[in-house]
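**Student:** The whole structure should be built from the sequences, with the hints applied where relevant.
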Amino acid sequence: MGTRQEPPAIAGAPAPAARKAGYREDLDGLRGLAIALVVVFHVWFGRVSGGVDVFLVLSGFFFTGLLLRRAERPEPLGAGAILRRTAWRLLPALVVVLAAVVVATVAMRPYTQWSTLAAQTLASLLYYQNWQLAWSWSDYLAADPSVSPLQHLWSMAVQGQFYLAALLVVAAVAWVARRRGGAALVRAALLAIVAVLTLASLLHATRGAATAQGWNYYDSLARGWELCAGAALILLAPVLAPPRLLRSVLAVAGVLGVVGCGWFILDGANRFPGPAALLPVGAAAAVIIAGNGLAAPERPWPNRLLASRTARRLGDIAYPLYLWHWPILIFYLADRGQPRAGFGDGLVIIGVSLALAWITHRWIEEPLRERAAAAPAAPARGRGGVLVLAGAVLVASGGWLAITERLHPGSAVEVLDARLYPGAEALVAGAAVPEMRMRPTLLEAPADGPPPTHDGCIADWDTREVVSCTYGDPEAGRTLAVVGSSHAEHWLPALQVLAAEHSFRIQVYLKMGCPLTLDDNVTYKGEPIPDCRDWSREVIDRLGAEAPDWVFTTGTRPRADLGDETPAEYLDVWSALSDRGLRTITIRDTPWLRRDAVRYKAVDCLAGGGNRLSCGIPRGAALDEVNPLLEPASHYPAVFPIDLTDAVCEPEMCAVVEGNVLVYHDEHHLTASYSRSLAGPLGRELQPVLNWW
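Residues in the sequence shown are numbered consecutively from 1, following UniProt numbering.
Bear in mind the hints are in silico, worked out from the structure with no lab data behind them.
Be a bit skeptical, because a hint or two may be false.
Claimed, not checked - Taking CB as the label site, the calculated pair distances span:
(1) Asp549 <-> Leu518: 16 to 24 Å
(2) Ser634 <-> Gly456: 35 to 43 Å
(3) Thr463 <-> Asp335: 23 to 31 Å
(4) Ala568 <-> Ala107: 46 to 54 Å
Yeah, the Cβ is synthetic: ideal placement off N, Cα and C, and Gly gets one too.
**Tutor:** Spelled out as structure tokens, the structure:
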């Protein structure tokens, strides 16, 4: 994955006879080993291996070496030629894989997923996929069918951004050096710059790992130190000459570190690229240093092992293998409806990935390299084909986004006629359900969220500050505080209906993925979110100072396997609120759509041919038979549990459409339309508690 290590250019390795004596065939093998670990850990273990971090070090080492050799020559750097060669090394295989993923998505996935895939295709082709994922804070802990088939291309985006930045920095340093003292200053100046950037980036990554790891994992600024570590190694190469015994120790330790990283650090996705990434980065550096400056026969035996024919052949196809394995894994799991690949399935996935990687390398990469001078017309025709294919991918992705932008509403659906769209009242009151088109429609659903989402009145993943807004009757003398995560937020449309009827004020204190908690080790989707803990403590203190009449929040959450629970940390929150003299209404959370622990969207299931029941979830799988809120709440006189399960679920199934109204706009959030239809049932539950009507 990334730039190959040929001395005069970056587009492919030179033929064996043309290789210089110092050519590092062992680093080709290291790349092959790293990609093998990436694939194995993704396919069978559902976690990261550290192989990508090794790749980043090698990319920084190779590319900076290329630039340094050019900068220390008297002639111009040739930035344009470097960019062209880099593009023709990286783009052909990438474009082919992107085109294949687009075709597979159209053929195999519901059209409700096409827009997301189109946006990620553009992001991948234009090398900002890591930022696309950071903005959405995607879960990279493991593969499952709900994950994007292009998610792995974040690392390619990080490398592409580094290549451009490094080219600009080296070009500027070379230009200044030639006017201030000659090329001898280039290496020293670059080493000083790289040292500062490495330290700054590592400090940034360390802070990010402790505060916003979901963003940190994809952040180019946090990943920069890994690439800069490789750059520093090539800049220091003339002085890196340890004694033979130390070289052997470094080689053994380095290979063991690369192989063992995924076993030593089981939660790398929650810790990389913070200080924990020093293990794979240091291991890669040890292998590089161990063989530095030696001819192949003189290198330590681990380096010679990495230079074996098998390891080098795997290194040759490392880049296309990296590109292919992830989308094949995701499409395979989606087609089978499995959260994991078993041993046999994994062998199939790896076998297909290896075959496609070899075909891509042999018939696409090699013919298009600039060194194919023997038949210059063939590379020219091939490159023309790549450009046409890239244009088709751009047009198809951008065109679909433009079309759906016109079709998608920018706001929630207007208030529906309750006679035609009774929603929850069809379940609880037996309201008649006439034949009508479902609303919101599949294309309307993503925007049919509660007002705070559209108003910016819910703190996002990266906002630590408490955001508060007023809804309902702002002049009313009674206040209900709606507090917690988006699962408290999605009740707001129902509460707004009640506030308009009965005149009370609604004050919201909301943060994405953050139910009120005092837990010091709070996580979301397996990732630590200390901001949630700090935000919760501030909100609880503000509630104590502002003293609303009532606090409204969720009191349960789904268990990892089946049913739901009231976690012990929720009881700590109830105690804190009670200590401040606050009365709290805790509502049982709505079911989350999942099969075999894999989340899925109602709109995707319906678009794929499912119906309201087949796309739903069995009630017994989503909810315990007895509301888990009841027993713990009985010990808190100021905590009042309510349960609207019967207004969301039928006796046996929690369907995704009730009373002509779509219940969920994604995997587990109510549509604003269905929430409004819950105003009647919610009002009947709240009346004896609030005594406001």
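**Student:** Taking each numbered hint in turn, which are not upheld by the structure, reported in ascending numerical order?
**Tutor:** The structure breaks only hint 3.
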